[in-house]
Each structure stands twice: as C-alpha cells, then as structure tokens.
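A.B. asks: Here is how the chains run, residue by residue.
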Amino acid sequence: MQNSIDLRKKRRWGETLIQASLFIAGAFSILTTVGIVYELGKEAMNFFAQVSLWEYFTGADWNPQIDQFGIWALLNATLMTTFIAMLVALPIGLSISLYLSEYASHRARRTLKPILEVLAGIPTVVYGYFALTFMTPLLRGIFGRDVVDIYNTASAGIVIGILIIPMVSSMSEDALSAVPRALRAAAYGLGATKLETAVKVVLPAAISGIMAAFIVAISRAIGETMIVAVAAGAGSNFTFNPFEAAETMTGHIVRISGGDLSYDSIDYNSIFAIGLTLFFMTLSLNVISQRIVRKYREVYE
Amino acid sequence: MTQIKEKEGFADNLPQRHRSGGFWSRLFQISTGVGIVALIALLLNITNSAFGYVATENKIDPETLAINGIPLEQLHPIDLTYILEQNVSAGFFRAQNNEKPFEERTREEIYDLVIERVVEPEAAATWSLFDSLVHKDKINAEVAEKYPNAELSFQSWINGSFLLSPQSADPERAGVRTAVLGSLWVVTITLLFAFPMGVGAAIYLEEYAGDKWFNRLIQTNINNLAGVPSIIYGILGLAIFVRGMEPITSGAFLGPVDPTTANGRTILSAGLTLGLLILPLVIINAQEAIRAVPGSLRQASFGLGATKWQTIWHHVLPNAIPGILTGTILAVSRALGETAPLVVVGASTFITFDPTSPFSKFTTLPIQIYQWTSRPQDEFRNIAAAAIIVLLIILLSLNVVAVYLRNRYSQKI
Amino acid sequence: MTENKITYAIEAADLNLYYGETLAVRDIDMQIEKQKITAMIGPSGCGKSTVLRAFNRMNDLIPSAHATGSVLYHGKDIYDEDVDPVEVRRRIGMVFQKPNPFPKSIFDNVAWGAQINGYQGNMDELVEESLRDAALWDEVKDKLDKSGLSLSGGQQQRLCIARTIAVKPDIILMDEPASALDPIATLKIEDLMHELAKEFTIIVVTHNMQQAARVSDFTAFFNLGEDHAGVLEEYDVTSNIFTNPKKKTTEDYITGRFG
Ligand SMILES: Nc1ncnc2c1ncn2[C@@H]1O[C@H](COP(=O)(O)OP(=O)(O)OP(=O)(O)O)[C@@H](O)[C@H]1O
Ligand SMILES: [Mg+2]
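First to last, the protein sequences are chains A, B and C.
Note that the first sequence covers residues 1 to 301 in this note's numbering.
Note that the second sequence covers residues 302 to 714 in this note's numbering.
Note that the third sequence covers residues 715 to 973 in this note's numbering.
Errors might be hidden in some of the hints.
Said to hold, decoys possible - To give a feel for the contact side, a few chain C residues facing chain A, derived at Cβ under 8 Å:
1. 790
2. 797
3. 798
4. 801
5. 852
6. 855
7. 921
8. 923
I should point out that these hints are in silico values taken from the structure, not numbers from a laboratory.
Heads up, the beta-carbon is just placed ideally off N, CA and C, and yes, glycines get one too.
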C-alpha cells in the first residue's frame, strides 16, 4: 500500500473526557431547575395534604396558629409593595432612559451610568436599612406619626422602587438605542422637535423592549425580600392601607425560617408552598418578558 | 428681513411645541436627578448613623474603685483581680480563672475585664452625625439635664475594635470579625463551586453545543434561572443541602460531629446555595467573554491541526479570561451581599467563635446587618450602619478590581 | 491499490457543498497537481472560499455547512466516516485573508502549531528555518519575544505563513492572502509562493488577475450557475486560461468585461 498516511480517527480519550465534563457542567443548570420544581413541589404537596387548595387560593387570612392559610393575606401585601414600587420605578426609570438615550451628552452619560450601576450593586439589606431609618421617618414626618406605622408597605414599596430604577432604565435604554438612527433622522427631517421625535417616534418603536423591562421589574419587585423583611412589618395583615404593616410572601418566609424550624411542621411545609407560588409567578413574568424581547430583536436585526 | 410666513393650512404652533419640549426635557432631567439624590441620601443616611456623639454612663463610677487614692488605671493586677472578685458572681470568676488563670494574665487584660464587667459603661443616648455637628449645644444641655453622670464623647462606630471583635450582645463591644470571616468562608465555597462549573458550562454552550433542542433548552433555562428570586434558592438550599445532604454538609461523613452544633446549617450549605444562585450569572458573563474572542483565532488554530480542546485551552480561554474574571467578580459581589437565602438556609443568630471549617455554623456580614437593623435599640442601628460601611467598602474594592481588569486587558486583541 | 498511483495532491469528485438547505457549490470535479501553484478565480460569492475550506474540512467549523461527494487525499476520501479532521488539517494547512497571528510572541506563534503536533526536534531551529522560508527572519530575528501583533500587516501575513509551514504540511491553502496588503507586501508574498512551491502544493484564491497569471501554474475559474450555486467553469494550465480560454464567460471575466 502506498497510502502511507493514516487519517483515521484516533480515540482521544482526554478530549472525550473533557467534553463529557463540560457537557455535565452545561446540563447541571437543568438539574437546578428540576431541583427547584421537585423539592418545592414535594413539600408543597405535604402542605396541600393538610390545607385545601381552595382555602389556600381564596382565603384572606394567614394565621398558622389557628390553622388559617389563605395566601391572599400575604399575596395582597406583595402586590401592594410591588404596585407602589412600580409607581416609583416605571416613570422615573423610563424618564432616565429617555434622557440618557435621547438627550444626554456623551459626558453626562459617562458619569450617570456608573452612578446607576452603583445603585444597582448595593445589597438589598442596605436598602432595607435605608427604608427603615430614612424612608419611614420621612413618611411619618410628612403624613403624621399616627397615620403611618413604624412598619408599613409604603416605605418598603418606595425603596424597592428605587432599587429597581437602574434595572428599568438600563433595559429601556437598550431598547431605545436599538431603534435605528435612520428613524430619528426621518422624524427630524419632517420638522419634528426633539421631544416629538423621542416620544412619538423612538418610544413607540422601542415599546416592546420597554414593556419587557417593565415586566422583569415587576417580577423583581415580587421576589424582593430583605427590604420588606426589614421595613414592611411582621404578621400577616390583609389591608389596602399602605401605611399599615403587612407581611409579604417573601417577608413571611424569611421570618418563619429565621427561627429553628422543625422539618415536620406545617410551617416548614408552608414555606415551600409559598415558594412554589412565588416561583411560578416570577417565572411566568420572566418568560413573557423574554418572548417580547426576542420579538423586538427580530424586528430590527 | 422678510418674515417667513406660515404656509396655508398650517398653524403657527412651533413656539408652543418648543415650550412643551423644554418642559419634558426638564422633567427627564429631574427624574435622572432623583436617582442621584437617592444614592446620596442612602450614603448620607448611613454615614449619619455611623458617627456621632455618645453619652456613656457607667454602672459603677471608676473613681469609687480607687484603692488608697491610686486610680483604677494604675492599680496593680492583684488589686484589679481583687476588685473583680468582689464585684462579679463567684461562678463567673471561677470560669474566667479556669479559662486562663488570673496570675498569667497581663494587667491590660484584667483591666479590660474590670471595665467590661464591673464599671460596665453603657451608651445612655446616641446622636446622629448631623445632630452632632449642628446641635452640639442642645446635646450638651440634654446630657447635663438627663444623664448627669454620663460622659459625652464623639465616636466613630466603625473603628479598629469594631473590625476585630466578635459578635456580642452588647452593641458597645460587638464587632464584625465573626461575620467578615463567615462571609469570606462562604464566598470561598461559592467560588470553588460556581467558577469551574460556570466556566465549564459557558465553554460547552459556546464551543461545543450545536443548535440542538437540548442545548437551546439549557440556554433558555439558564436565562430563566437568572431571574429566579434569591429567596427561592434559599428554600432549595434548605431542602437539598441542609436537610437532604445533612450527613455531608454537617461533616458527619468525616467522623462524629458535636450534635449540639450546626447539623446541616453550615458554611458549606450556605456556600453551595449561593453557588447555585450565582451560577447563571457566572455562565452568562463567561459566555459573553468567550463570544468576544475573535473567530479568526480559532480558525488559525484549527488550520494548524489543533484539536478542539487545544484550541480552547491555548487560545480561547487565555483571551477570554479577563472578561470571565470580571464577570465572576461581579457575581461574587452579588453573593457577598445576599441575605435572604442565607436566612432561610439557617444562618446562626449569634456566634462569637471564628469559623474554623466548612462545617462550622455561619453568619455573614449582610446577616449581621439584618439582625442589627431589626433590633429596636438605637445603638444597634449605629453598628448596623458601621457594618454597612464595611460591606460597601469590600464590594467597592471588588468592583475596582473588576473595572481594572476590564480596562487593562480590553485593548489587547 | 499499488497500481492506482497517486499523482494528484487532491482529487475532488462530484463535490457539492451546502450551507443548510442552500447549495452553495455544485458538482466540482477537480484534480490539484502536486507541488504546483493552483489559482482559483471568479466573481465574488461564487464559492471559491467554500471550496478551498472544503479541502481541509475547515467548513466543519460552520455548523450549517455540509458536503456530499468526495475529496481524495493520498487516495483517502477525507469525508469518510473514520477520518479525523484534525489529522487532515495538520497536513493541509491554511493561510487566511486577514492576517490572524495569535496574541503571543513571534516565536510562540511559529512554535505553537509544531508543539501541539508533537514536534520532537530542536524548536529554535524549526522556528528559524520556518521564518527564513517565509522570508521574515531578517526582519524579526532580534525581536522574537515581541508580540506577533506588533508587526505590520504584511509581516503578520508572512508570520502566518511561517506558522503554517512549521507544521510541515503537504499542501497549503491560501484564501486571498495578499488582499489586505499593499503592493510591495503583495510582491513579497508572491515571491514567497514561488519559493514554497518547490516544497509544497499551493492552492490560492485570488481576485487579482495579474497575480493569478504571475504566480500560478494552473487556474480554476469558478462562476455562478443559473441556480446561484457556484460551478467550476473552466480549469486548465494558467497560460491557456489567460491566452486561450475555451469559454466565453472565462474570457469575459479575465478581460474585465464581466457582469
Ligand atoms: N458561513 C456561511 N453560512 C451561510 N452561507 C455562506 C457562508 N459562507 C458563505 N456562504 C455563502 O456561500 C456562497 C459562497 O461564498 P464564498 O465565501 O465561498 O464565496 P467566495 O467566492 O469566496 O466570495 P469572495 O470572493 O467574496 O470571497 C455565498 O453565496 C455565500 O453567501
Ligand atoms: Mg472568499
């Protein structure tokens, strides 16, 4: 045989081994998700063996001592803080993104963006401290000490809003700057002012990206824990008064797991039921937002 | 100059349009200002509590402890020991003596013990930095009236002994040593787990994974995990690491453990929980860094007959590593600031001993801040603020390192 | 197979190349002569790079790309199931359009490929020899530890050639190796190709007619077919293609009356 060159595959065991390990590392994250769903689901099942789904999803009182497990008491507080947070974060975050992408000079952007990044990097427990020692006294000073409780959802909600501003503004800004330059040029060419270009041309073109940012922001606010644990109060309370103390879902989990929790108590099981509820709420919001983001990418790329 | 006339059918509305433009642009600017104001308010609020006047009252006036006219500070160790013996319970005295006999202690050690146990200085009142600077006279008057025996002094709550002392029930003496060490231990475990796992996953997704449904599933899944609230990871950690893997996370598999200690609520469980939490962030950041390595390098390498792994190891990783490190540092700072999952996993509320192994009980700096913030007394607010400053300084230095890495290596390719 | 004497460096037969569903190049039948320079010319997008990359399975790196037909090298179809593309590429090297040295020292740029291929001899000698063969030695001999990126574009491209010949391939594929260079640097590369042809088989893609005429022994003219897939229109000794093309399209193209 003159064919002296051997091109055949040689088993490269090292390469195979490495590739297998890398694959395991890659697939590991699937295990995390499976773990979340399985573990939370398993303990939640134990919980629902003792509490009816009906009671859980329709009850407005959460008092484990007297066997009341209505999620709405906690969920309502979560929705209150989230709503207040959105009142703060959405308009301010959107305004900042419009300012940064349409108005600000290069220099202003260079100083402002790091400041927002710093805000985003501060641990949430610090925001909790801020809510309790600054925002609450401020609210009490404005509305009166007898109107505003020491622990209240308004203070927690406002500070969650501040926490989320950088996220809303940076995601919205990404959406705004993805709008092609040509569109702005076209608007100016027709004699539009800067505001008209920004609000009537650029903003509508970026609207889906901004919606996605809003939805992620909601999901983030729902899952926020330390601020409400510190500032919103302990003990469930079904109320629409933002100046009253009310425990949120996350706040409740933190409070009861803070003590030495015994594994076979209904308290232990309830953590998982609440956690599972929380997981599906935030997951569906995140999935929706990713869908929207993918849509608007397709439009411009 | 001739006036340009408005064309027929068009209203002359430009001045009005400009006015509304100006109004809104002002509004956008103000909103941006709100962000900055919030940051400043937050920092000022913390500084405000971390420094200020303290009125200290002693339970026993040290002057009354003088013996034969020699003031307390100058007494001989034997006299100090005698004072101690007279003023504390016999049990405490014996316990101290068993721990370390008084004859072997230095004068300073005994003196500190006398101050701590006999004189027992206590903060009667504290004032914020703002009040201390602006209302000095009022504070003096108030102290003279309400705390005639108290001594007024300006205190930085963040100081050497605060950094070096362990936990204590007494805010005057409590420090962050245990918590800082705990944070370092936990974050080390987190890093040991999340870095290799995350970089491995990123390499797989960027270099090996084809466009198959399973790989797309992995990617989508990672993006979703990044948005799961951190407290959910805490619950997962509680179920898996603390409860499910207790024989491992408690250290029982290495031999008998003290049953009164941690059970599964250890540094190891906490570190792994945070590892799961930051894993998606590490992966996503590492993927970005790997994607930024130009394809031409890979082609050059393959063109020379290199295998896939040779290409990755010799060309892709060396060029991606600054980006990977930057991303990992940012993820680690996230882990350093996390509180909620660690509360759920079972951080200890009170430990005074330095952690010694991954199977020790743990507390961390954010946990400490949380616990101190939740206490009603003012002095705990002060030390919470001081601990926040410590935490922010640590995070800031990490970020400086990250920015440095990014700038240092970004021009290279 | 002793009777079947291997006379060609590469023999492509019925080669079809796809990106996903789209056929990029169809029905290539082509024999590359050993130790000759073969030029590939043709309009942009007709698939020259695609064919070139098919000869050492660089197309494998593009996830959507696949091939049917055969490419024989030493009597073996490199697209056979049991062939390792890594084995193929260390024998059929490649030089790219844009110089792409590694962000490593000049020495390491040359030594690295040999190293991973298990070169046992004296590395210093190999590096010097390769740099000399690439006509770069005199310019870099005093700064071998400087980064390969510190060189000029033309020097970088010769460094990439040195790096390729250091692994001692049979065949060198070059995809518009001089298109990013100035005329002087281009001339140097062309001279170099002549020198290298004494030892290696060279296949070069070029858009420059004069270059093809100057350096190559054979020329392959590719064109876009009716169905927008590239085809091999005409393939012959270079002098025939340029002085006496058989097809009208070839003549139009080389005289610039094309498209
Ligand atoms: N990675 C790819 N994915 C999909 N299609 C590709 C890819 N690379 C090339 N093609 C397509 O294959 C066809 C041939 O491309 P190729 O790059 O081989 O042309 P070429 O003759 O080298 O052109 P040029 O002279 O401009 O370099 C083109 O239609 C091109 O769009
Ligand atoms: Mg080409």
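A.B. asks: Could you run down the list of hints and mark each one as holding or not?
C.D. replies: Here is what the structure says about each hint:
For residue 790(C), the shortest C-beta to C-beta distance to chain A is roughly 5 Å, which falls under 8 Å, so the interface hint holds. Annotation: residue 797(C) was flagged as interfacial toward chain A, and the flag holds, the nearest CB pair being 5 Å apart, inside 8 Å. Interface restraint check: residue 798(C) against chain A, minimum CB-CB distance 4 Å, threshold 8 Å, status holds. With a cut of 8 Å, the hint placing residue 801(C) at the interface with chain A holds, because the nearest CB-to-CB distance is about 5 Å.
Because the closest C-beta pair between residue 852(C) and chain A is about 34 Å apart, greater than 8 Å, the hint is violated. For residue 855(C), the interface hint is violated, the least distance from its beta-carbon to any beta-carbon of chain A being 34 Å, above 8 Å. The closest approach between the C-beta of residue 921(C) and any C-beta of chain A is roughly 30 Å, which is over the 8 Å cut-off, so the hint fails. Interface restraint check: residue 923(C) against chain A, minimum CB-CB distance 35 Å, threshold 8 Å, status violated.
Of the hints listed earlier, those the structure fails to meet are numbers 5, 6, 7, 8, in rising order.
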